[in-house]
Structures are given as structure tokens and as C-alpha cells.
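A.B. asks: As a plain string of letters, each chain reads:
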Amino acid sequence: MSERREPIPTSAPAVVSFEGVTCRYGDLVAVDDVTLRLPPGVVVGVVGPSGSGKTTIVRTMRGAVSPELGTVRVFGRDPRYLPQWDRRRLGYMPQTFSLYPDLTAEENVDFVASLFGLLYPKRRRRTREVLHAVDLWSVRKRRAEHLSGGMQRRLQLASTLVHDPDLLLLDEPTAGLDPLLRARVWEEARRLREAGRTILVTTQYVGEAEECDVVALIVEGRLAAIGTPDELRDQAVGGDLLVIETSRPITEGEWRDLPEVDGVRPIGPRRARVRVTSAARALPELVARLADRDVRVVEASEERPSFDEVFAELVHRVRGQAGAGGPDGARAETTAGAAMSATVRTPPDVLPASEHVESETTKPGMASSANGRPQP
Amino acid sequence: MIVLESVTRVLAFVGKEFVETTRRPWAVLSLVIGPLALLLAFGAGYSGFRRPLNAILVVPPGSGLPTDAGAYQASSIPGLNLMGVVPDVGPAEAQIHDGTADVLVIAPGDLQQSFKAGQQSVIRIEYSIIDPIRLGDAQLLAREVANVANRKLIEAAVSQGQAAVPPGGPGKDIPPQILAAPTRAETVNLAPTDPNVVSFFGIAAIVLILQHLAVTLFALSLVRERVQGRFEIFRVAPVRTIEVLLGKGLAYFAMTAVVSLVTMLVFVRVIGVPDLAPGPTVAYVVTLVIAASLALGALVAALSDGERQVVQLSLFLLLASVFFGGFILSVDEFHPAAQVISYLLPVTHGIQLLQNAMLRGEAQPGWEIDALGMMFLGFSLLSWRLVRRTIARA
Chain A
1 MSERREPIPT SAPAVVSFEG VTCRYGDLVA VDDVTLRLPP GVVVGVVGPS
51 GSGKTTIVRT MRGAVSPELG TVRVFGRDPR YLPQWDRRRL GYMPQTFSLY
101 PDLTAEENVD FVASLFGLLY PKRRRRTREV LHAVDLWSVR KRRAEHLSGG
151 MQRRLQLAST LVHDPDLLLL DEPTAGLDPL LRARVWEEAR RLREAGRTIL
201 VTTQYVGEAE ECDVVALIVE GRLAAIGTPD ELRDQAVGGD LLVIETSRPI
251 TEGEWRDLPE VDGVRPIGPR RARVRVTSAA RALPELVARL ADRDVRVVEA
301 SEERPSFDEV FAELVHRVRG QAGAGGPDGA RAETTAGAAM SATVRTPPDV
351 LPASEHVESE TTKPGMASSA NGRPQP
Chain B
377 MIVLESVTRV LAFVGKEFVE TTRRPWAVLS LVIGPLALLL AFGAGYSGFR
427 RPLNAILVVP PGSGLPTDAG AYQASSIPGL NLMGVVPDVG PAEAQIHDGT
477 ADVLVIAPGD LQQSFKAGQQ SVIRIEYSII DPIRLGDAQL LAREVANVAN
527 RKLIEAAVSQ GQAAVPPGGP GKDIPPQILA APTRAETVNL APTDPNVVSF
577 FGIAAIVLIL QHLAVTLFAL SLVRERVQGR FEIFRVAPVR TIEVLLGKGL
627 AYFAMTAVVS LVTMLVFVRV IGVPDLAPGP TVAYVVTLVI AASLALGALV
677 AALSDGERQV VQLSLFLLLA SVFFGGFILS VDEFHPAAQV ISYLLPVTHG
727 IQLLQNAMLR GEAQPGWEID ALGMMFLGFS LLSWRLVRRT IARA
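So the sequence lines, in the order shown, correspond to chains A and B.
Mapped onto the working numbering, the consecutive letters of the first sequence carry residue numbers 1 to 376.
Mapped onto the working numbering, the consecutive letters of the second sequence carry residue numbers 377 to 770.
If you're looking for bench data, these hints aren't it; they were derived computationally from the structure.
Beta carbons: idealized from backbone N, C-alpha and C, even for Gly.
A hint or two may mislead.
Claimed, not checked - If we take Cβ atoms under 10 Å as the criterion, some of the chain B residues that face chain A in the derived model are:
1. Ser382
2. Leu387
3. Phe389
4. Gly391
5. Lys392
6. Arg399
7. Arg519
8. Arg606
9. Glu608
10. Val615
11. Ile618
12. Arg736
Claimed, not checked - The following label-pair restraints were derived from C-beta to C-beta distances:
13. B:Ala417 / A:Trp85: 52 to 58 Å
14. B:Leu566 / A:Glu145: 56 to 62 Å
15. A:Glu194 / B:Asp681: 42 to 48 Å
16. B:Ala630 / A:Glu187: 41 to 47 Å
17. A:Thr96 / B:Asn572: 53 to 59 Å
18. B:Val383 / A:His132: 24 to 30 Å
Stated by the list, open to error - Part of the chain B face toward chain A, derived, beta carbon under 8 Å:
19. Val379
20. Glu381
21. Glu396
22. Arg400
23. Val521
24. Arg602
25. Gln604
26. Val612
27. Ala613
28. Thr617
29. Arg765
30. Arg769
31. Ala770
Generate coordinates for the entire structure from the input sequences, incorporating the hints supplied.
C.D. replies: Here it is as C-alpha cells:
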């Protein structure tokens with residue numbers, strides 16, 4: 001999914017819109033002044049620490065929670081009073097397994113299809129299709145209680161898809177699944193997105209944000225950042241990162257004297273992680289300038305911080321700002337910002353605090369080396 | 377199309393409930409076999425025999441009364457077993473306290489003298505009973521003992537008086553027993569069936585079981601949907617609360633109706649309880665009892681926060697039904713304010729209606745039918761509102 005980075009359609013009417021939404025549970029502010037719009041045909045990931053308000057956002061979208069402030073629109077209507085016709089266009093997958101353990105996989109899907117009013121011939125066809133899609137057709141006669149945890153999650157997903165909804169709200173669809181099954185879920189999400197469906201996914205696996213077209217980072221009920229995964233990475237790092245090994249040690253001051261260098265952190269006697277605005281433009285310039293100083297670049301590579309690191313850095317920064325009197329960033333628009341807006345902050349002149357954290361999450365086909373350098 | 381989709385949703389619930397129930401064989405067995413076994417045990421096990429009260433007669437010396445127990449056998453009182461005749465109260469009272477005797481009948485020591493002096497003597501009856509039913513028996517027996525004693529005294533006096541009357545004199549030819557007790561009561565029960573404990577309480581037990589089954593099954597099923605997060609799916613799906621309740625209600629109505637049919641058949645055909653009810657009266661009453669109980673079950677579910685609370689509330693309802701529903705004690709015996717509780721329970725009306733229909737053959741159900749109908753509507757409306765609100769917030 002991360003390969004698809006086509007422009008987010010912004011002119012189409014929003015499938016879901018949040019305008020300055022604030023929700024409270026008693027004294028607790030669960031969602032605080034969140035504004036976002038979901039255009040059709042995108043996968044939006046809502047990422048945040050546990051208890052940050054992700055599920056409340058989903059509950060608000062499906063009309064179970066009334067916002068204290070702001071407006072929510074789903075298919076252009078207040079989700080609390082969606083007419084039956086629009087409810088048919090909505091699919092929801094709850095966090096926990098909520099189907100019937102005594103019914104077979106097929107009966108469960110058939111039951112949910114009936115709730116959405118699918119008549120027998122279509123119900124039968126769709127049940128077969130979605131069970132095939134989630135690879136459960138062979139166990140369709142098995143009772144749900146006898147399915148593994150991963151199969152139950154897929155069964156829940158099949159039940160969510162059976163009426164072919166336009167908008168899918170998936171609350172932690174990959175929770176408790178092994179990496180292979182998680183990949184299957186995202187594969188299905190990609191297929192649905194290609195078919196024009198809008199998908200909002202909450203996830204506790206930060207690395208999965210890479211799979212989304214747009215990622216919304218929620219921290220303590222606030223929309224801390226929003227954008228494509230690359231934009232968030234830029235926000236966290238403040239530019240591109242280069243790891244450069246030189247023929248002799250270079251001091252931090254010498255690095256800072258060089259053009260294009262926005263920040264630097266030594267990571268070895270002759271190695272440094274250097275932040276630049278654009279790696280493609282800066283690297284030749286740096287090689288040339290270092291050569292002028294009789295320094296040879298032994299090795300140079302662009303480093304792509306994992307989303308775990310990006311997430312940790314952004315959360316760290318938001319919490320730091322909140323502790324210092326609250327975020328002061330201006331509301332701005334990202335590339336996807338025509339569709340969504342969030343508080344975007346100017347990156348500080350330091351490298352991410354999480355830079356030295358070893359990431360356990362790797363992209364398929366790419367492994368992290370011990371020093372964090374991406375390896376093919 | 378909208379109607380067809382609505383029917384599809386309702387039938388989905390009906391089918392789902394049936395499949396779920398049949399997949400739990402023990403639950404089905406306890407559902408059908410449990411009530412049947414209970415009624416069979418009741419019908420076969422209840423003998424109606426009540427142990428007579430063991431009595432000791434204390435005849436003080438000088439009372440002039442016989443001290444031989446055999447002298448009292450001819451005047452034996454049903455329900456009273458004379459264990460012996462003793463002269464002293466103390467040892468006899470000890471037997472009352474240690475439980476070997478139930479009743480102490482203490483004859484007056486001055487019976488003849490008091491009678492001749494035109495004064496009443498006291499026959500003192502002592503007992504140590506905590507069972508209110510046995511207490512009633514003892515008090516009735518005390519009165520009967522006094523009556524027998526009075527009769528005997530009058531008979532003796534009449535005999536002495538008649539001896540002084542010349543032949544052909546007034547009352548000479550009337551037996552002393554008639555003079556002592558010129559009237560006796562003969563009872564005729566106009567009810568079409570003989571009162572029978574198994575029939576009377578068995579019908580009440582059936583209604584009680586039906587109400588308990590309907591309330592518990594429906595409430596548990598509905599609260600499970602909420603606890604296990606399915607209300608969230610119902611919230612998103614275009615399913616109406618009425619469709620959820622109707623689908624579940626129809627399924628559990630059918631299941632409870634089957635149980636009631638089987639139970640009734642066993643009750644009437646095997647145990648031999650009379651069924652004088654004309655036409656479909658029983659079916660009509662049972663239908664309304666089940667419907668009102670299901671609606672009550674929905675209300676229980678709406679008011680409960682989990683399965684444990686449903687079980688607690690169901691048991692609470694069962695207890696209330698046993699005490700206030702006319703199962704043991706007549707509703708008339710309660711204070712009018714407490715009768716409100718009675719009349720809010722489907723079982724109260726169901727027992728009254730079924731007993732009248734089956735044991736009296738009453739063709740025209742009374743106001744209780746309207747009460748059941750109102751209860752069904754009222755509980756349904758209330759539970760619908762509460763469940764709808766819960767689903768909206770799920």
C-alpha cells in the first residue's frame with residue numbers, strides 16, 4: 001500500500017467530516033477539537049497511544065457518541081440519525097469478537113447479511129464471496145467458537161464486508177493477529193480501497209500506519225498530526241536523514257558549517273547522522289564540500305526512520321509542548337490537508353529523540369540493521 | 377421491498393435463536409425435561425397425607441374423668457392421635473418440649489362441680505408449634521375437643537334428666553345425642569371437579585414455570601447481545617429495535633409454547649388433572665401468559681447490566697411470584713397496596729385464569745385476560761424504549 005502515493009482526491013464530497021469535534025465522558029475530554037475530512041477512496045489510519053481517543057472517534061462516526069462541540073457528518077448527515085439507506089452503506093468492525101460462538105462461520109456471516117436486509121440469493125452469493133476473500137470458505141461449517149483467534153478476526157471482517165459498504169470503520173482490525181494475518185487484512189483493505197471504498201482504521205501497531213494513505217496521530221484526545229506517512233516522517237525528522245561515514249572524524253561544529261546541514265548527531269568516531277532538507281540535493285553538495293576539506297566520504301546512505309520512531313518522536317514532542325503550556329502550532333494544511341487539517345508544528349533543530357531506539361517493525365523486504373541503517 | 381427486508385431481519389433473529397438453542401443440548405434438555413420432571417415428581421410424590429398431631433390427655437386426680445385411654449377412643453377426633461392419659465402436667469409438658477408430643481389436652485379438675493354450679497370449665501390445650509399450618513390444625517382441634525367434651529357433658533346431663541321424666545313425658549323419647557347436638561353440617565361442593573392439591577397447585581406450578589422460562593430465556597438472550605458487543609453491530613446495521621425484539625420474542629415464544637404444550641399434555645394425560653376448559657381457552661390464556669412474560673423478560677434485560685443481574689432479577693421475580701402470585705397464599709389475603717405487586721405479575725392472572733378454565737370449565741375469561749394484554753403492551757413499550765436507547769448509545 002505504501003507504494004500508492006497518488007494525490008488524495010480533495011474535490012470529492014467528504015464521506016466523513018469532523019469539524020472541531022469535542023467529546024467528553026464526564027470530566028474526561030476524550031476527543032478535543034478534532035477536525036478532519038475523509039474523502040472517498042482512501043485508507044485513513046488513526047494511530048495513537050492506548051486511551052488516546054481513537055475508539056471514541058470511531059464511536060462518534062457511527063453515531064453512538066454525541067459530540068459536545070463541533071459537527072460530525074457521515075454521508076453528509078448526522079450519524080446519530082442516519083436513515084436506513086445510509087446505514088446500509090456503513091460497515092463497522094468492533095475491537096472485540098462480537099459474533100455468535102454457537103453459529104458456524106457461514107451462519108454468522110449470513111446472519112449479519114440478513115441484518116443489512118440482503119435477500120436470500122444475494123446473501124448466499126455475498127456470504128460465499130466474503131468467506132473466500134478472507135480465506136475461510138474451507139471452514140465455513142465450523143462453529144465460530146472452534147475457530148482460532150485469527151480466523152475469528154477474519155470472520156468478523158467478512159461479516160463487516162458482506163453488505164459491500166462504502167465506508168468501513170475498522171476498530172483495531174489487526175489486534176492480536178500474527179504478522180502474516182495482519183498482512184492479509186491490509187491486503188484486503190488495499191483491494192477495497194482500489195474498489196473505491198473509504199476505510200478508517202484504528203490500530204495499535206504503529207508500523208501499520210505505513211499501509212495507510214493518510215495517518216492521523218491522536219494524542220490525549222487531540223489530533224497531533226495528520227498527513228501521508230512521508231509527511232509525518234518529515235514532520236518528525238524535519239527533513240531527510242543521511243548517515244555519512246567519512247575518512248576522518250569531523251566535529252559537530254564542522255558539520256554545521258557545511259551548507260544544507262540542518263542538524264547533526266555523531267553516531268560513531270567517523271559516522272554522523274545528518275539532517276538535510278533534501279537528501280538528493282544535499283548529498284552531492286556535501287561530498288564536494290567535504291572533498292574541499294580533504295575529507296573523503298567512505299559511505300553515505302539515506303535513512304528512513306521507522307514509523308515507530310516517527311510516532312514516538314511526534315508523541316514525545318506533543319507531550320513536551322503540552323507540558324510547556326500546550327501546542328502552539330498553527331493549523332495548517334498538509335498535502336492531504338486539503339482534505340484534512342491538523343496542528344502541524346515546526347520541527348525543532350534536533351534529531352528525533354527516538355533516533356536511537358531499535359525498531360522491531362520492518363517493512364516487508366527491508367530489514368533494519370543494528371545501527372538502524374536500512375538494508376535491502 | 378422494505379417489508380421484505382424487515383421480514384428478513386426478523387426471521388434472521390428467529391432462526392439464529394433456534395440454531396443457538398439447539399446447539400446447546402443440555403440447555404434444551406433442562407428447558408423441556410426440567411419442568412416436566414418437576415411436575416411429575418410433584419404429581420407422583422404428593423400424597424396429601426398429613427401426620428396427625430400426637431396428643432397427651434392430662435386428667436387431674438379427682439376430676440371424675442376416666443384415666444384409661446381406651447375410654448376416649450370412641451370419641452376420637454380426626455387428626456389427633458391420643459398417645460396416653462397422664463395425671464400430671466409437668467412430665468407431659470416435658471414431652472411437648474422435647475418434641476415427642478405435639479399437643480397437651482388438660483382436662484379441668486373441677487368439671488362436674490363447675491357444671492353443676494352452672495359455671496364454665498376450661499379445657500386447656502398446650503402446644504409448641506412454629507408451623508403456621510400445623511398451628512391452625514391445633515387450634516381447630518382444640519375447638520373440636522371442647523365441642524366433644526361439651527357434647528358428652530350434655531349427653532350425660534340429658535340422660536340423668538330423662539331418667540327423672542315419666543314415660544311419655546316431654547323429651548323422654550329423644551336420644552340424648554340428638555338433644556346434645558340437634559344439628560349437624562353436611563357439605564356439598566358445587567364445583568365441577570373435586571378439590572385436589574395436585575390439580576390445584578400443579579396448574580399454578582405450570583404457569584409459574586412458563587413465566588420463569590420466558591423471562592429468563594429472553595432476558596439472558598438479550599443481555600448477552602449487549603454484553604458481547606452485538607448492540608454495536610445492531611447500531612450500525614439498518615435493523616430496528618422492534619425487529620430485534622420481535623425476532624427474539626417469536627423464537628422464544630415458540631420454544632416456551634412447545635414446553636407448555638408438552639407439560640400440559642403430561643399433566644392432563646399422565647397425571648390425570650382435569651381439563652374442563654372449553655375450546656381454545658387454555659391456549660389463549662397460555663399465549664397471553666407467555667407473551668406478557670417475554671415482555672417482562674425484555675424489561676429485565678433492559679434494566680440489567682449483565683447476565684449475573686439477569687439471573688438475580690429472574691430469581692427475585694420467581695420469589696415474588698411464589699409469594700404474591702397466588703401460588704401459595706391467596707391474593708385476597710394481602711393488603712391492597714401489596715396486591716399491586718400481585719397484579720403486576722403475569723403469573724397471578726395466569727394462575728387464576730387457568731385454574732378457573734381447567735377446574736371450573738369457565739368459558740369466558742375474566743378481566744385477567746385484559747390485564748395480561750395490558751401487561752404485554754406496557755412491558756413491551758417500556759422495554760422497547762430502554763433497549764432502543766441502549767442500542768443508540770452502543
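A.B. asks: Each of the hints needs a verdict: does it hold here or not?
C.D. replies: Here is what the structure says about each hint:
Evaluation of the Ser382 (chain B) hint against chain A yields a held restraint, the C-beta minimum of about 8 Å falling below 10 Å. The interface hint given for Leu387 (chain B) is met, as the beta carbon of that residue sits about 7 Å from the closest beta carbon of chain A, less than 10 Å. Against a cut-off of 10 Å between C-beta atoms, the interface hint on Phe389 (chain B) holds, since the closest Cβ of chain A lies about 8 Å away. For Gly391 (chain B), the shortest C-beta to C-beta distance to chain A is roughly 8 Å, which falls under 10 Å, so the interface hint holds.
Annotation: interface hint on Lys392 (chain B) holds; nearest CB of chain A at approximately 5 Å, less than 10 Å. A distance limit of 10 Å between C-beta atoms decides the matter here; for Arg399 (chain B) the minimum to chain A is near 4 Å, and the interface restraint holds. At a threshold of 10 Å, the smallest CB-CB gap from Arg519 (chain B) to chain A is about 62 Å, leaving the interface hint violated. Because the smallest distance between the Cβ of Arg606 (chain B) and any Cβ of chain A comes to about 5 Å, under 10 Å, the interface hint for this residue holds.
The beta carbon of Glu608 (chain B) comes within 5 Å of a beta carbon in chain A, closer than 10 Å, and the hint placing it at the interface holds. The closest approach between the C-beta of Val615 (chain B) and any C-beta of chain A is roughly 5 Å, which is under the 10 Å cut-off, so the hint is satisfied. For Ile618 (chain B), the interface hint is violated, since its Cβ never comes within 10 Å of a Cβ in chain A; the closest pair sits about 13 Å apart. Contact between Arg736 (chain B) and chain A, as hinted, is not supported at the beta carbon level, the nearest pair being about 44 Å apart and thus beyond 10 Å.
A hinted range of 52 to 58 Å for the beta carbons of Ala417 (chain B) and Trp85 (chain A) is consistent with their spacing of about 56 Å. The hinted range of 56 to 62 Å is satisfied by Leu566 (chain B) and Glu145 (chain A), whose Cβ atoms lie roughly 60 Å apart. Judged by the Cβ atoms, the range 42 to 48 Å given for Glu194 (chain A) and Asp681 (chain B) holds: they are separated by roughly 44 Å. Evaluation of the 41 to 47 Å hint for Ala630 (chain B) and Glu187 (chain A) yields a pass: the beta carbon distance comes to about 44 Å.
As the Cβ distance of Thr96 (chain A) to Asn572 (chain B) is approximately 55 Å, the hint placing it in 53 to 59 Å holds. For Val383 (chain B) and His132 (chain A), the Cβ-Cβ distance of about 28 Å falls inside the hinted range of 24 to 30 Å, so the restraint holds. This hint is violated: Val379 (chain B) has a C-beta 11 Å from the nearest C-beta of chain A, more than the 8 Å allowed. A distance limit of 8 Å between C-beta atoms decides the matter here; for Glu381 (chain B) the minimum to chain A is near 3 Å, and the interface restraint holds.
Restraint check, Glu396 (chain B) versus chain A: the minimum CB separation of about 5 Å is within 8 Å; hint holds. Below 8 Å, beta-carbon pairs count as interface contacts, and Arg400 (chain B) has one with chain A at about 7 Å; its hint therefore holds. With a least beta-carbon distance of about 65 Å to chain A, the hint placing Val521 (chain B) at the interface is violated under the 8 Å criterion. With its C-beta approaching chain A no nearer than about 10 Å, Arg602 (chain B) sits outside the 8 Å limit, and its interface hint is violated.
For Gln604 (chain B), the suggested interface contact is upheld, since its CB lies about 6 Å from the closest CB of chain A, less than 8 Å. Evaluation of the Val612 (chain B) hint against chain A yields a held restraint, the C-beta minimum of about 4 Å falling below 8 Å. For the restraint placing Ala613 (chain B) at the interface with chain A, the shortest Cβ-Cβ distance is roughly 4 Å, inside the 8 Å limit, so the hint holds. A hinted interface residue such as Thr617 (chain B) counts as satisfied when its beta carbon comes closer than 8 Å to some beta carbon of chain A; here the least separation is about 13 Å, so the hint is violated.
Interface hint status for Arg765 (chain B): violated, as the beta-carbon distance to the closest one in chain A is roughly 12 Å, over 8 Å. Checking Arg769 (chain B) against chain A by beta carbon gives a least distance of about 6 Å; that is within 8 Å, so the hint holds. Hint status for Ala770 (chain B) relative to chain A: holds, with the closest Cβ pair at about 6 Å, below 8 Å.
Violated hints, listed in ascending order, are 7, 11, 12, 19, 23, 24, 28 and 29; each of the other numbered hints is respected by the structure.
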